[in-house]
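**Student:** Chain by chain, the residues:
4 protein chains.
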Amino acid sequence: MARLTEDAEGVYVIAVTPFTDAGGLDLASIDRMVDFYEGAGATGLTVLGQLGEAPKLTAAESRTVVERVLKRLDGRLPVVVGVSAPGLAPMRELSDAVMGEGAAGVMVAPPWTLRTDDQVYAFYRSVGEALGDTPFVLQDYPLTTNVQIAAAAIERIVRDVSTCVMLKHEDWPGLAKIAALRRASETGGMRRISILCGNGGLFLPEEMARGADGAMTGFGFPEMMVGVVNAHAKGEVERAQDIFDAYLPLARYEQQQGIGLAVRKYVLAKRGVIASAHLRKPGAALSPADIADVERLLERQTRRLAEIGA
Amino acid sequence: MARLTEDAEGVYVIAVTPFTDAGGLDLASIDRMVDFYEGAGATGLTVLGQLGEAPKLTAAESRTVVERVLKRLDGRLPVVVGVSAPGLAPMRELSDAVMGEGAAGVMVAPPWTLRTDDQVYAFYRSVGEALGDTPFVLQDYPLTTNVQIAAAAIERIVRDVSTCVMLKHEDWPGLAKIAALRRASETGGMRRISILCGNGGLFLPEEMARGADGAMTGFGFPEMMVGVVNAHAKGEVERAQDIFDAYLPLARYEQQQGIGLAVRKYVLAKRGVIASAHLRKPGAALSPADIADVERLLERQTRRLAEIGA
Amino acid sequence: MARLTEDAEGVYVIAVTPFTDAGGLDLASIDRMVDFYEGAGATGLTVLGQLGEAPKLTAAESRTVVERVLKRLDGRLPVVVGVSAPGLAPMRELSDAVMGEGAAGVMVAPPWTLRTDDQVYAFYRSVGEALGDTPFVLQDYPLTTNVQIAAAAIERIVRDVSTCVMLKHEDWPGLAKIAALRRASETGGMRRISILCGNGGLFLPEEMARGADGAMTGFGFPEMMVGVVNAHAKGEVERAQDIFDAYLPLARYEQQQGIGLAVRKYVLAKRGVIASAHLRKPGAALSPADIADVERLLERQTRRLAEIGA
Amino acid sequence: MARLTEDAEGVYVIAVTPFTDAGGLDLASIDRMVDFYEGAGATGLTVLGQLGEAPKLTAAESRTVVERVLKRLDGRLPVVVGVSAPGLAPMRELSDAVMGEGAAGVMVAPPWTLRTDDQVYAFYRSVGEALGDTPFVLQDYPLTTNVQIAAAAIERIVRDVSTCVMLKHEDWPGLAKIAALRRASETGGMRRISILCGNGGLFLPEEMARGADGAMTGFGFPEMMVGVVNAHAKGEVERAQDIFDAYLPLARYEQQQGIGLAVRKYVLAKRGVIASAHLRKPGAALSPADIADVERLLERQTRRLAEIGA
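Which chain is which? The protein sequence lines are D, Z, L and A, in order.
Heads up: the first sequence is residues 44 to 353, going by the working numbering.
Heads up: the second sequence is residues 44 to 353, going by the working numbering.
Heads up: the third sequence is residues 44 to 353, going by the working numbering.
Heads up: the fourth sequence is residues 44 to 353, going by the working numbering.
Since the hints were made in silico from the structure, they are not lab data.
Accuracy of the hints is not assured; some may be wrong.
Repeated chains share a single entry, so a pair holds when one copy, or any two copies, can fit it.
As the list claims (entries may be wrong) - Subject to a maximum C-alpha distance of 25 Å in a straight line, what follows is the list of computed DMTMM-like cross-link-like pairs (lysine to aspartate or glutamate):
1. K277 / E198
2. K313 / D139
3. K324 / E198
4. K324 / E81
5. K277 / E342
6. K220 / E338
7. K277 / D69
8. K114 / D161
9. K313 / E144
10. K313 / E52
11. K220 / E279
12. K220 / D161
13. K313 / D203
14. K324 / D161
15. K277 / E49
Using the sequences and the hints given, assemble the complete structure.
**Tutor:** Here it is, written out as structure tokens:
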């Protein structure tokens, strides 16, 4: 399989991990999900992320998930695997294993204790050393990691750690950060890396305008991210925003901290992608009122999409 | 002036503090802003909040702002004044002063160091004792205060501190919390207090459905909050959502951490409400790209409002 | 091997994980270390804790460390194994494995994101369910976990989760918390659990006086903890404090955040307990000035111990 | 009064704010306390710090405290005033006022929200601009401010903000930071500023050895800090450590988070320095067991000081 490079673009969907109602891994749903994401226009997949419930899997289960996804894709799309761990040894262990099986690269979030620029830089420098020649994605998500990464720190990392090929950008706001990093490449000599954006896609049109290369997020309708990115690529800014706006009420609802993943799995199950919306503990369950909200938003979304011919 | 009670409802707009381009208080803009909010259908105003740049005002300026707003309103709408302070003595000092001038109540956010339920409870119990018979609003905004307040802690506070008459709710998500508090009133004997919602109104339709009494937030188009709350009061749930959806792309953009207030002031200045969009330091400035985003969103919003006849 | 119970007392030493200078596991040093701790009067050992560099071990290495320690002890002392993990599935996996090999119990620290009493309670309730009948230690260490656990939350956990048999107490301060928990047992009907104290032993004399059952910490001179606990058991309060005071200057120096573990390993290596003071990355190294400090403190400590006849 | 400069050294005692048992300001105790600190060998005083309960004072009370201290000292010792505030306008207001009355300088802690090096730098740059030519102390105390300040950020601040003349150093550990900053002055061309150390003096001997100029902290026995600093100045390293060790058990006890200030005021009241140990709310009260601890430690301290002839 080709390795992840700085040229990655499009939509890398953050895959959920499907469980049965009883809590076991649901391999058939993994296959269906992979097909669904591919059919929706994804250019890559990301597995074992936070929203893939990675921390709730045993080591053996993690390996099973990766193997199943890789087998189903059979090299048609690159797969990024989340390998964040409190220590470098287990991180390298998982990274080496999944790269050996055909992953394109890995993704690493910072431990929550990092604060100063030097601490962030030193961590990713160690990551680079530990992972050898495996290309990796720097995950910048202060809302859940508690770590704020300055553009200046990213610049130092990109300069000194050649295997850092992508930024998963979900700072909030981060429009200015994207712009700063692009300027650093255009006029400052910084290597240009891929920037894919998260945050459920809630700022995707604006992020594309600032120079992002696409999205890496898992909103239950990847059609939104694909539609926005593709329209943007064609220069159809208003069309991109029309598509975005139609999905926004639900995308916003899915971005709630705590129950967001339950909403996403509910939607994917309703769409027939996965068999069960089950989350492993600890994980929030939707109340009847939550479900009523989602159903209402889905109905309105369908109407609105018809109105704009999408 | 009537005091704030548990019956408060509708839309309490969080007022900005208008400055001149040179950074001084702009009293004429305060008058115009008060008229604008009143004309838009606000049922109350909140001044000296975080997004009113309260921490950037000297003590004398704070008093001036409150006096000017109260004078302009002349008792037609109740005014809530933010009095959060690291200590109880300065909090009481400001509270007594503004109540003496005619404020309806005060609002208190917790200091960032509180963690356990007991700590939160003890703090608000002390606040109640310090403020005497002044009615106060408990501000629950984990994203900026760093304090998570459990529904169980709010229940204890409401039970034991009779002057706590309102919850400014901007937990995220908080739909379950609103529902829990309403259940506690309906079946658990908890005093029913007013719940007004913040977060820029980003979950307002759903919050109203769970039992909120309205909004307390400062989105640059208070017409949105007024429209949603009023439609909801008439049982027009779909109409409420139509209005909400039309404003959502801009409301979302204004909710960015860091530059949100700059967006709000830009919009208010553009609408002629305040003379200058100036923020005092420390405060973010909009880049040309940010302004282009806002202008584009405004244009689309105008079109969409026309389409839905709002 | 006997399982950990509420009656545990004395000194459970937090074991370091010895590495060679090249960074590999040093099994011979593990044996020597186990003998040393046993000879110093430990009543139990705790392995794979934070200060055992557990997060830096691969899964296989973790198992090797536990096996080696258990084999060397051959059942003479109980062993507690740290199994903290972001998810319940990997936690249970490690727990089941080490209990099968003869561990006496496991220790679980809370994930850094927990805040309210309900969140803490719900987490440990889930832990209890996940671990089955394995007895576990609740680790209360706000300084490194970022989680403050109220005495009231501990009471709820002890009441509802019968396999929670010990509190590793290192809140700071926590003297009042120990007293509150002992009162809850004496007059409130709460099951009395074992309380062993951490924080490098820096408050051990006072903790014993409030009702602690001993220490669980890893100061390079376990003789201190053993001496204090034993003297206290004989009612020799002043003697306990004499011993404590003699070790305090070094114990304080070892409690520095960041380089504390490097100091501890330096001391253990100097004492011939482990072959190398090596820390795996990320881990601080001592500067020449740090080493000079330690050497000076060691010399003074030797003199002072002679003066008091200890 | 002479202004604070980079040459400041010795012991700046952090003054408590004495209250009556009823909670009012106790001006007579302020006088006595000032005399006591001066008599103990202080080279300066710091008022309105966190441990001076500054946040619990009204604006008028704050002014009264400063005036009283300045009047009593009559220019014999320099006074630093804590002016930390959420906004620059109120900070400048208080700073200008106290400088006008004769303070030597002010002290500013960072707001808890700062994270990256740039954010810290930008904040102190703004502080410098806001305060005009008033010399100020940068307070680096991560344990209570939640802000970690890298040595690199301090270097940038010192280079660009000429009125930053002192670092109040209470990072933990910070021995390496002191050494780095001294190296930056000796070989890197950074302006040499004064470094006075806090943390209750718990690392004072080692801090002096790394290049600190003295202490700025409020331990109830300022004789300790004065003794250590003076012995160190004479090159009597072992004597400095003898004095330090004799006070260490109590100094450690006073460093407990939460009740530390109550211990300090208890000691000062017992010594006859202040009339009442009263703390304003919110503030912990000592339990009978706490008091018994302190009394026992005081007795032992007296004996030990006699033994070493101090």
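**Student:** Each hint should be assessed against the structure and marked as holding or not.
**Tutor:** Here's how the hints hold up against the structure:
no., hint, result
1, K277 / E198, "neither (30 Å within a copy, 48 Å between copies)"
2, K313 / D139, "neither (36 Å within a copy, 36 Å between copies)"
3, K324 / E198, "between (38 Å within a copy, 23 Å between copies)"
4, K324 / E81, "neither (29 Å within a copy, 39 Å between copies)"
5, K277 / E342, "between (29 Å within a copy, 22 Å between copies)"
6, K220 / E338, "between (36 Å within a copy, 21 Å between copies)"
7, K277 / D69, "neither (38 Å within a copy, 46 Å between copies)"
8, K114 / D161, "neither (40 Å within a copy, 42 Å between copies)"
9, K313 / E144, "neither (32 Å within a copy, 45 Å between copies)"
10, K313 / E52, "neither (29 Å within a copy, 37 Å between copies)"
11, K220 / E279, "within (24 Å within a copy, 41 Å between copies)"
12, K220 / D161, "both (18 Å within a copy, 13 Å between copies)"
13, K313 / D203, "neither (46 Å within a copy, 37 Å between copies)"
14, K324 / D161, "between (35 Å within a copy, 15 Å between copies)"
15, K277 / E49, "within (21 Å within a copy, 54 Å between copies)"
The structure shown violates the earlier hints numbered 1, 2, 4, 7, 8, 9, 10, 13.
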